[in-house]
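Enquirer: The residues making up each chain are set out below.
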Amino acid sequence: MNLIHFFLAHRLEIADSTGEHLWLVLISMLLAIAAGVPLGIAVTRKPWLSKPILGSANVAETIPSLALFGFLLPVPWLGARAERLAIATLALYALLPIIRNTVAGIKGVDASVREAAQAMGMTGSQILFRVELPLALPVLLAGIRIAAVWTIGIATIAAAVGAGGLGEFIFRGLAMVDNRLILAGAIPAALLAIFADIVLGLLERRLARVRS
Amino acid sequence: MVEAAAPVIQFHEALYRRGEAIILQNLSFAVQPGETLVLLGRSGSGKTTALKLVNRLLEPYAGEVLVEGRATTAWNPILLRRRIGYVIQEVGLFPHFTVEKNVGLIPDLEKWPAQRRAERVKEMLRTVGLEPSQFASRYPHELSGGQRQRTGVARALAGDPPILLMDEPFGALDPLTRAEVQNEFLAIQRKLAKTIIFVTHDVHEALIFGTRIALLESGALAGIYAPQEFLRASDPLAAAYVATLQKSPIAIPQQRGIS
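In the order they appear, the protein sequences are chains A and B.
Quick note, the first sequence lines up with residues 113 to 324 if you use my numbering.
Quick note, the second sequence lines up with residues 744 to 1002 if you use my numbering.
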């Protein structure tokens, strides 16, 4: 009862932070998709790009998130505002699954389908946009789903650099040794992640069903 | 004055290699308008490679392949391929397109008006024996193997290309369906008079469809025969193919002339 009362009393604050959290995730996901999909396509076109691109994305993935915030802090424009810093960090994390699944999705297109498209006189961009990307979409979407779930979790750490979001509650709760505060951040964050997982998962299955 | 028609496709000392391996060595032959040239050979003899040199999916390492008198490397590949229908064993239908969209793809790429495109799709589906009202809105995974291959043929014919390349198109079908689709294609072949290169390893099929049969072995041409000549050929390889027929003799259609 105690917890429910606490949540009700702080509902506006929680809603605010949830909104901030979602905003951070949304912007960084959009950036990661805008960069990751073309990078993934580039890897399928120029195989020698595979090592540098997937390699760097892999390295970014291995850096602990808190440290990554620290690394990006001195970067001139990025480090100037906490939100920019947080968004850049989250986007970097989201990049790897998106690039990887774009590559896997396109490579998974049946060779005979690609050959037929080419032999029919489709141009490179027609093959990409009408054949390869639509067929890669379910796999690509799986990458986006993984990235979204990670990003929602990692975004709680953005509060450490003052970017707001649900992490605010968690850090305050830790400082004040107040479990209610920690839960006020952790529960909505977990629910967001589950929700994103379910919605994107449904979309993915729907697309996969139409196409097989 | 009778003038020999210019060949539609001409291989001129075409050589293709992959790394160190020579896949095709100095291949030379010509395909006349309206003719069906069958490339007969075992797996790995270079039949498919020869076919891909025609629509420039591959380019010769040396020598050249002329289509309508122009080297494939001098053609804009897109324009070249729009003049050449391509049918392969795996069909390669677009799984996310309906039958109608698959068949109508080239008319769509060529920006035909919607109504003409729709009519063309129906016409092509009827040509290959698929009732449009029943099949147009299906997806490839909702078709049987034979229906899929028929759709593939309809798709290749939709843009009315003068040339058709067929790579073991009926090889993956069960014997009964294969016989059905072969008969249908025989009728299409007679009606449309396309210039066709037909790749197969099936000597029976070669005799049914070929106006001439080019025997390919280890990337080299072992001889070109009219079907009747092929049956009497003294070449040991041709004789070996003919010998495989002895168990199941078949009637060969009367020599079809080149019109």
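Incorrect hints may have been included.
Subject to a maximum C-alpha distance of 35 angstroms in a straight line, what follows is the list of computed DSBU-like cross-link-like pairs (lysine-lysine) [said to hold, decoys possible]:
(1) 219/A with 865/B
(2) 854/B with 219/A
(3) 854/B with 844/B
(4) 844/B with 158/A
Here are some chain B residues pointing at chain A (derived, C-beta under 8 angstroms) [to be verified]:
(5) 801
(6) 829
(7) 831
(8) 841
(9) 848
(10) 849
(11) 854
(12) 855
(13) 858
(14) 860
(15) 862
(16) 963
(17) 964
(18) 965
(19) 967
Just so you know, the hints here were simulated from the structure itself, not pulled from any lab data.
Each residue gets a CB set at the ideal place from its N, CA and C atoms; glycine is no exception.
Enquirer: Hint numbers the structure violates, sorted upward?
Expert: The structure breaks hints 5, 8, 11, 12, 13, 14, 15, 16, 17, 18, 19; every other hint is satisfied.
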